[in-house]
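There are 2 protein chains.
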Amino acid sequence: VSMQPLQWLGNKVRLLDQTRLPHEEVYLELTGYREVVSAITEMKVRGAPAIGVAGAYGIALGALGLKADSREEFLTKLKEVIQAIADTRPTARNLFMAIERMQHVAEIDADAEGIKQALIDEAVKIHAEETEASQKLARFGADLIENGVTVLTHCNTGPLAAPGYGTALGVIKYAWEQGKKIRVFADESRPRLQGARLTAWELKQYKIPFTLITDSMAGYFMSRGEINCVIVGADRIAANGDTANKIGTYTLAVLAQEHGIPFYIAAPTTTVDLKIASGKEIPIEERDPAEVTRIDGVSIAPEGTKAANPAFDVTPHRYITAIITESGIIKEPYLERLKKIVL
Amino acid sequence: VSMQPLQWLGNKVRLLDQTRLPHEEVYLELTGYREVVSAITEMKVRGAPAIGVAGAYGIALGALGLKADSREEFLTKLKEVIQAIADTRPTARNLFMAIERMQHVAEIDADAEGIKQALIDEAVKIHAEETEASQKLARFGADLIENGVTVLTHCNTGPLAAPGYGTALGVIKYAWEQGKKIRVFADESRPRLQGARLTAWELKQYKIPFTLITDSMAGYFMSRGEINCVIVGADRIAANGDTANKIGTYTLAVLAQEHGIPFYIAAPTTTVDLKIASGKEIPIEERDPAEVTRIDGVSIAPEGTKAANPAFDVTPHRYITAIITESGIIKEPYLERLKKIVL
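Note that the protein sequences, when read in sequence, are chains A and B.
Residue numbering for the first sequence follows our numbering, starting at 1 and increasing by one per position.
Residue numbering for the second sequence follows our numbering, starting at 1 and increasing by one per position.
Read the hints as simulated data drawn from the structure, not as lab findings.
Treat the hints with care, since some could be wrong.
Because identical chains share one entry, a pair is satisfied inside a single copy or across any pair of copies.
With a straight-line Cα cutoff of 20 angstroms, these simulated PhoX-like cross-link-like pairs (lysine-lysine) come out [unchecked claim]:
hint: 1; residue 1: K306; residue 2: K204
hint: 2; residue 1: K181; residue 2: K306
hint: 3; residue 1: K207; residue 2: K306
hint: 4; residue 1: K77; residue 2: K67
hint: 5; residue 1: K306; residue 2: K275
hint: 6; residue 1: K136; residue 2: K306
hint: 7; residue 1: K340; residue 2: K181
hint: 8; residue 1: K180; residue 2: K136
hint: 9; residue 1: K44; residue 2: K12
hint: 10; residue 1: K125; residue 2: K340
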C-alpha cells in the first residue's frame, strides 16, 4: 500500500503537511485555492510533480468556489485564480505544464458548471498521469541500478515529491523491490533539509538501509570509492538537457564527473520545457534568507547577517549521464531525443 | 585591538566559549587540564593552531596541578596528562606538534618545579610563535588577494581558530586592512556551522561585507562567475601537500578547479606533518552522528536515523594552487619546498 500524501476528496484536497515531518504526520484539508497557494509557497507540498498536481487541484478548487453570472465573468475570475497559483513558485516546470493544461480545458464550449467539472476531471487526470509516469520511470531507471551499489541522492524525490513512486527515490525503491541490495547516502539538503526530514522518513518506511550526510560530505565519500552512482530529480529540464534541481545538485554533478561516477536525472516528461533552449533561461527562485540564517526558528548566525538563498541550481547537460523518464532513458544528444518524447 | 579568545593568566586559561557564539560571549576560566580536555573535545576551542596552543596550556596546567614526591613520579603523572590532551582530537597536526615540544621540554635536567616553569614558558612561547606566524602568513597571503575580488571561505579561520590574525580569514582581514575592496562568501560549514556562527561573527566585527551561504551553494555562485578565489585553513598538511581540512573543503577544491578559480590553503608551518607522505595517512576524526541529526538540540531526522560524521576531508595537492605559510607562499613541487621551510 503506497502513501497518499496528496488526495482529491471530490471537493477538497487532503494533504500531508511536509513541513511537520518527520516527527508529526499531520493531514490538512484544503478547501479553497488560497489554501493551496499557501501550501505551495510554504512548502507544505513540494517536489516538482507534486507541485504540478497540487496546482491543478488548486485551480479546480478555485473554480468550484467561483460565483459568476456569466461564462465571461467566470473565466475572468478564473484567470485570477490561475495567476495566484502561477505566482507561487517559478522554477518547477510541472506547475506551468499543469496550468497550461487547465487553461486549455477552461476554453471548452460549456457553461461555468460544465467548465468546473472539466477542470476537476483534468486535475484528476494530471494526477493519474503523473502517478503512472512515476511508476514507468522507476521501472526504466531500476535497470541502471546494479545489485550491491551505493547510491547518493539529494533533496527528496519519493512519493512526497512525485505522486506514485516518486522520481529518483522511486528508481531506488523499485530496484530495492526487485531484490537488489542497495545502500543509500542521503544528503541532508540545506537549507530546507528535505533529505534529513523527508528522504530519511521515506527510506525508513521502505526499510532501505541509508546513511544521512551533510551536503559537504558527498565529495569525501566519493573520493573513498563509497558511492557508485548519483540519482536526483529535476524541477525543469531545458531542451538541451540542462537541468534545474535543488541547490547543491550541480556540485554533486561536478563531483560525480571528477570521480567517474554516473550522474542520473529522474523526471517525468512534464518536467521538460522545450520552449527553453538552455539552463541559462531557467528562472531560479530566490527564497527568504531566513531559511539559511535560522533552522527551526533557531538563529544560527549573528543578527543582521546577509544570506543568499537560491533554491535551485542548473546542471549543464554535459555532466548528465542520462535522464530517466517514463518514456525511457534519454542520453546525448538530448535536444534531438527530448524532442521525440515530449509532446 | 585584537580579540583575546585564548589567554594565559599565569595559572589558568581564559577562553571564549566558541559553542556559545554568535549570540553570547561567555569567557571560561580553565584551571585544570581536564577542563582543557573537555573544552577541546566539546569544541569550546577549535581551529588547528588554537587547539595546539590550548593543548600546550592544558599540559602546563596539568603539570602545575601535579603532586609528586620525585621527578620520576612527576614525569609518570605528566605522561597521563599529555596522553589525555593527545586523545582529544586526532586530525589537527598543531596539537601533536605542541605536544612534542612540551614533551621535549619535560626532559630538561630539573626538578618538578623547574619542569613546571619550563612547560609554562614553552606553552607561552608556542602561543607567541603561532600569533607571530599568523601575522606573517596573513601579510604574505594578502599579496594573492587583488582589489575588488570576491573570496569564498569555509569553516572558521580567524583569531578564534588561530591566535593573532587567524589563517585564511587572517589573509582576508589583512587584505581588507590594506584598503582592498573585498567581498566574502562564507559557507555555513555543516554540521557544526562554524561559518554561520563564527566566521559571520568575526566578519561582522571587521565590517567586511559578506554573504552567508549553505555549503551546497558554492558551486552555484562559482558557475555564475561570482567567486574569484577560495581560501581555507588546514588541520594537517602531508609532506606532498595533500591537506586535511574541515569536511567540505575537498568539494570546494574540485569546484574551484572545474571553474578555473585559484584554491589557496593558509596555514602555519606547525600544521605541516613531514612524517606523513600523503593525505591517505592522515587520521580523519569521526564525530558523534548527533551533530548531523540534531541542530541546537532540535532533531532534524527521524528517530534512529544513521548518520556519518567525518569532521575532515583530504584535498589532494593537485587541487591546491598554493599554500600560504609564515615562511612564504609555497607552490608545486610541494614535497621539496615544504621540506625547506619546515624544521
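Where does the structure disagree with the numbered hints, that is, which hint numbers, in rising order? Hints 5, 6, 7 and 10 contradicted; others consistent.
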